[in-house]
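Residue numbers (the working numbering), protein chains in the order written: chain A, 139 to 481; chain B, 67 to 571; chain C, -13 to 81; chain D, 1262 to 1367.
Think of the hints as simulated: they come from the structure by calculation, not from any bench. Treat the hints loosely; a few may be bogus.
[Unchecked claim] Derived DSS-like pairs: lysine-lysine, alpha-carbon spacing no greater than 25 Å straight-line: (1) B/Lys125 with A/Lys399; (2) B/Lys133 with C/Lys29; (3) B/Lys133 with A/Lys325; (4) C/Lys78 with C/Lys29.
[What the hints assert, rightly or not] Quick list of simulated restraints, FRET-style, between CB atoms: (5) A/Gly396 with C/Arg22: 46 to 54 Å; (6) C/Glu45 with A/Ser168: 41 to 49 Å; (7) B/Asp422 with C/His23: 20 to 28 Å.
Virtual Cβ for every residue (Gly too), placed ideally from N, Cα, C.
Below, each chain spelled out in residue letters.
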Amino acid sequence: MGYELRTKVVDPKRNTFTYLVERFGDKPASRYQEASFNIQPVENFHYRPTWDPAHAIYDADYTALKLTDPYSYTDPRQYYYTPYVANAAERYESFAQTLKYIEERRLLDRLPENWHLVVTDFVIPLRHYESGAQLISVNASRFAFGTTVEQPACFAAFDRIGNAQLLSLVGLSIAGGASETLTEAKKNWLYSAALQPLRRMIEELLVERDWAVALIALDFIDSQLYQLLYAHLDDRALYKGAGAYSLLARHFNDWYGGHKKWLRALVKAWANDPDHGDANRTVMAAIADRWYPRASEAVRTIAAGVAEQAGSTSALAAADRSAAETAGELGKIGITVTEGVPV
Amino acid sequence: MAKLSMKERYSLLTRDLDWTPTYVDPKDVYPYTRYEGIKIHDWDAWEDPFRLTIDSYCKYQAEKDKKLYAVIDGFAQGQGHLSVADARYFNSLKLFLQGVTPLEYAAHRHFAYLARHLDGPGARFAALCQSIDELRHCQTEIHTLSQFNKYYGGFHDWSRMHDRVWYLSVPKSFFDDGISAGPFEFLTAISFSFEYFLTNLLFVPFMSGASFNGDLATMTFGFSAQSDESRHMTLGLEVIKFMLEQDEGNVPIIQDWIDKWFWRGYRLLGLVAGMMDYMLPKKVMSWKEAFELYLEEQMLNGLFPDLEFYGVRPPRHVEQAIIEKEYVSHQVYWILYQFSFAAAFNTTVPTDEELDWLSASYPETFDRYYRPLWEKARRIQDGGGRFFFQGLPQLCQTCQIPMGFTEPGNPAEIAQRHSEYKGERFNFCSDGCQWIFDREPEKYVQAWLPVHQIYQGNCGGATVPEVLDWYGIEQGSDNLEYLTSPDKASWDEWHAPAALPGGGK
Amino acid sequence: MSTAKTRWVGVDLQDSDDTRMLVEAMEVDNPDVTVRHMPGIVKLQSATELVIKRETVEEKVGRPWETHEFQMNIVSYAGNISEWDDDQIVIKWEH
Amino acid sequence: MAVNALGPYDFPSADRQENFGDDMLVHVLWANNMMFCSAACFRAPRAMPWEDFKAQLMDPWAASDPDYEPSAPKGWALDGKPFNPEPGQSLAELGVVHKGLITFEA
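Just need the whole structure built from these sequences, with the hints factored in.
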């Protein structure tokens, strides 16, 4: 019977799902499109949340930033679960290989003392920062309106906890598989003066009810912090014989390079929305007024700590540069940053 | 160097990432975990239900997906849809895509809420993994079933239908009920009741059914999803034990939730019961057998003696479900049969062989109550007609299924219950649904009941064709009788003996 | 139903080539296990508990095997996973 | 019992009488005929005379079963209590309430 069947030409009656035909035309859809468009329920919700009776189960009003059509936004990486997880698996595998290489050659032990201190006192404590970033991202995944918007936030949350785990693995490695370095790192996160503005800002973002405000403000930090620690110091590490630092930093720098694509594209979509663009720009400028100086201060305080404790002569200038560069980048996509930019 | 145990290492990589905020009030960081009355004294007592770090999660999941998509692609390229038992089989998949896939998505979204808003980092991490898993399930289901959408009706507008069509308000309202509850009730509802207690009755029939009916693609996605599901089950059981151990005052609250969500879930599974006994051309096992095996044997005899230790008894109204196992599938499919003019799947009178199988599987009830109905339906059909309920049905305010269920033990008498709340009357199909309403009438009065919404003029118009248009149902193709459906016609055409071999491929 | 109720623990595995070795390993470590084949599924049940030991599985598959890998095969289970560590997985009822 | 909620939780019923204007919802169950899986639900003016309700709404529905005879229904009950509707009485006069239930046998 199988043989007979294969002798017949069976033409498809339909190219894809109706709502994709309506959106993209009558042609076969990509797997990203099938997995991401018109998935979330949009109407006829049965009951109001008891934990927030003022809103519906899915509600565009969980943020002040609006999209006329939530599916006007597309993740430029076109990640749905499968490519996301395949890429993530590669990233972790590649990190594991780096760490193995470093361990085999005892490169962490061979770090110059001040670079060792940068790792233990400034970088590894950021596993808590990443963990806070995870909470902010996963909140966006719950409360955003529309699957193309919430889906990358979900992946970001997963990435952030992944980053926290990678940083923790470095800590475990430094302590020869024991937990002391992580215990120390947590103390630093809680008490080190250089990290407190950062921790304070993250905590305040955890009580911010508008998911998009928290996500954008988080990126104000990310952009400057990743630039300082994983790009600038990576560069310096190569000059200063801190090979292990450079090898590790590269992974985080690469990650942020991919990560920022989806969020910046979302900012653009908000800024250029046909109906809400102007209002969104006003809201985003207000977010920048409130949070950008805080982010710059948090990162600058870390740079000052690195300068003071690890003897860096370039960190402060690098922090200022990255605050200015980030402001410039944001300005191009629709967030006017006026406060917290060094002159 | 001392290698840390899996448990210690896992703890450092997950819950140790947490810290107690000092710049803001921790209560404001986790505002949703105190209003339900559940008391948690020590989140550290949480036992991680599984210990998978992000790197190994991604490794295993990437591997699973690689295997899965290879099967999906191979099946599609080989025109696998032509080799299933019969095109009638696809109706069970239509129901699955319209009714179950959206629930996977809803779970994705609301486990994200738990991953943010539970106070305990161990529990949050487990919820985060489940959130992304559920997205996987939603998407792999869409991708698997997409190939059938290209050839058969009923698949093409599932998400719009889930928001609008009458029988899909049953699963939708079920999940909306969970989402709109607090985090601990949601965990009891979905993690415990649905994922642990009832999941086997949902997935095993569908996946074994797929396997038995030659649908390798669906079987593979189903089993691949189930391999994640075992983690979710472990979470469900841990959640219940954790809450019960934390405070004695939690016990009665959780008992109430177990009672509510058993009945809520059981009513929803009525759709699966009808699917199993009627929509699968080749039967895996009867609903009654599955119920006995998975619910009675494994849960009531296995799980509940364990929970008795904490002072939890088997769910209220479970004895009614046990009585109903003799007939509930017939009642549900009889509803679907006579309302399939308004559904995005086809139904038909069972064949003689199937009628005999049903008689043998349900010796107490089938010949006495249901065979005569099918014989009459067939006589009508033989005379050129088709029996449809020419009107709209009475709906249960709670489960939203047409009120076709009967007095326990008497399949001939439709059960009618009603309650009054603020001077208005509300109708129910059963003691269970009435009890659920009476506990929280403020909630259930909001229900978007499809029949009532049609009568209020909110569903596209006053006539059936207008409503079906609004539903997104392609009339004459998605709906009505299977034997006269385009699905059947294409299937016959594609399987007609070839006079001459056509092309080479 | 009988009056003397057996409290089964069980695990349903996907009926695949990989699973066959797992089932063999479980038969070694769980003498009272019953194995039942259903469409697409192998159902293992025990009246006491079910243990999956890394060592035994490794002997059967002839390569290193992490207990995490068990999740590649599992479809469902009944009981409580009371242990899932580097060396073994134990499924039983606690009380 | 009441719902536990964070904040006021009091929403109007989705199907309150006023949403149907001068009409209401009426359920009719053919009690001894399993062909109909459930009772039917109709929207009808409260002032509609019984004879119109039966002829215009109920009879066409009951005729889904080819064995239905419009003269056959007997044993009328309203919410479980026997009643004898007169052709000219309106639904309101008969005491039918919004979402109430009329049963018959045939």
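How the hints compare with the structure:
1. Distance restraint check for B/Lys125 and A/Lys399: the Cα-Cα separation of roughly 24 Å lies within the 25 Å cut-off, and the hinted pair is therefore satisfied.
2. Of the pairs offered as hints, the one joining B/Lys133 and C/Lys29 holds, with about 22 Å between alpha carbons and a cut-off of 25 Å not exceeded.
3. Annotation: proposed proximity of B/Lys133 to A/Lys325 is violated, straight-line Cα distance about 44 Å (limit 25 Å).
4. Taking the CA atoms of C/Lys78 and C/Lys29, the gap is about 15 Å. The hint holds against a cut of 25 Å.
5. The hinted window of 46 to 54 Å between A/Gly396 and C/Arg22 holds, with their beta carbons roughly 48 Å apart.
6. Taking 41 to 49 Å as the suggested C-beta distance range, the pair C/Glu45 and A/Ser168 conforms, at roughly 45 Å.
7. For B/Asp422 paired with C/His23, a C-beta distance near 25 Å keeps the hint of 20 to 28 Å intact.
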